[in-house]
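Novice: Chain C: place on chain E using the hints.
From first to last, the protein sequence lines stand for chains E and C.
5 is the number of the first residue of the first sequence in the numbering used here; add one for each residue after it.
5 is the number of the first residue of the second sequence in the numbering used here; add one for each residue after it.
The set of hints was computed from the structure by calculation and includes no laboratory data.
Owing to the predicted nature of the structure, the values given are computational and were not obtained by experimental measurement.
Warning: the hint list may mix true and false statements.
Given that identical chains are not distinguished, each listed pair holds provided it fits within a single copy or across any two copies.
List of simulated lysine-lysine pairs, DSS-like, C-alpha gap at most 25 Å [unchecked claim]: (1) K113 to K224; (2) K8 to K20; (3) K8 to K224; (4) K224 to K20; (5) K20 to K113.
Now for the letters of each chain:
Protein chains: 2
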Amino acid sequence: MFRKIPCIRIDGSRRKPSECNAAEEMVLALFVNGRHTMTATVSPGGLREFAAGYLFTEQIIAGAGEIESIREETNRISVLTTNPFRTAGAKKTVLSGCGGSTSYIDTAKLPIIPPGFSLSAAAVTGFMEEAIPRATGRIHTAALADAGGIVTRAEDIGRHNALDRVIGHGVLSGVDFETTCALCSGVISSEMVRKCLAARIPVIASRADATTLAADIARKTGLCVIGCVSGGGMAVYANPERLNGSTPSPE
Amino acid sequence: MFRKIPCIRIDGSRRKPSECNAAEEMVLALFVNGRHTMTATVSPGGLREFAAGYLFTEQIIAGAGEIESIREETNRISVLTTNPFRTAGAKKTVLSGCGGSTSYIDTAKLPIIPPGFSLSAAAVTGFMEEAIPRATGRIHTAALADAGGIVTRAEDIGRHNALDRVIGHGVLSGVDFETTCALCSGVISSEMVRKCLAARIPVIASRADATTLAADIARKTGLCVIGCVSGGGMAVYANPERLNGSTPSPE
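Just chain E, with the same shape it has in the complex (with noise of 0.2 Å):
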């Protein structure tokens, strides 16, 4: 994920030749039945993972069932489906006609979550403290968790990108993700929210927090979005009814 790579330092009046450690970083083009979906820079590895979570959470396919074959080559990841004719749409966001701040996105478009799952703070903890490192401003983590523990773990430059290769390492393992929490190192954004929706992933915690937006969705939409999890402290943005194992405080 990193590589050393020459650099001069230059620490006041001196300068000299050093090396330092860079995130490694490349271009991606996605083809999906024949067609060039996009272009992105991740994280070199797993890019099969990448690829299928990408796909789900965009909805161009609904499971790994639908993936006939996933093709490498160098840059370049081609998926044939056997629905080639669900395209990738720009479908990133779900726009309505009225003003306000969060009516553009239309949440009674996406999916709900039901509620019924729970877990416990204590988990989010134990979880947190596993997989996922604070953050360091070079890298993101994400993490996919369910009641036997951490199931999947990956680095990306991208925090959308780390996301998605969970997912889609859930996609390609047969993953219930109903009866799972997502877990990532970066802001909490509408966009990973939307991403867990399409999912059905229940949860979701950062060592960050959570934009408005993505507060203000995950609320219509039954997820429980969880910010700051360090220690045992956390703060619950949303369906806070999710999380057992904490009391109410008395004042």
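Specialist: The following block gives chain C in isolation, referenced to the frame of chain E:
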């Protein structure tokens, strides 16, 4: 840029209602000559600068003179250009045919920044201290500086957006980019290098480091890339000859 939203704070077994400062995030649809060009999630405010910077770094306009009008509506910004036939294509990455880690970004098709402009390491440190806070994991900051000091500064939940905002300010106010330095808080990716090249900005510096691909492309195109700026220290990844005021250390 931030708004207080309700949350539930959990600390061990205690749980109580509280408030969090969340970064504001809005959905913005950009229309160029009546056509939908892209939808981004951005921080609110300064949307004219964002739109102008995006169109300039995507090479849809060559300067402010090609903007006929910019109209802001709720969650939508519409630009008319004097050249309605130059439209937004999939220009984000210039893919060439052959393999290899960087060759898929065809540096021969990217602008080259000619030698000439340089500035002192002390100036870079001064600009950084004045304009760019250390990474908070919440929001990104970018700035543009020239011999007169900081020209403009912007924050956004996305690091590319923050860079587009300061470049857009420069486009609208007639800044001569060829004698400027871009500053930012987050990792310098290949996409940020590409944006600087499109604007002919000769130096980019960050509190964080650069990716391998960013360093590779910058080396071939004359852009000076400086990372890890802190105190009087920094690491130069590409084209250190643009940075004067330091002497090689004896060893």
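Novice: Each of the hints needs a verdict: does it hold here or not?
Specialist: Going down the list of hints, with the structure as the test:
no.	hint	result
1	K113 to K224	within (11 Å within a copy, 46 Å between copies)
2	K8 to K20	within (16 Å within a copy, 46 Å between copies)
3	K8 to K224	between (46 Å within a copy, 18 Å between copies)
4	K224 to K20	between (55 Å within a copy, 21 Å between copies)
5	K20 to K113	neither (57 Å within a copy, 32 Å between copies)
When held up to the earlier numbered hints, the structure conflicts with hint 5 and nothing else.
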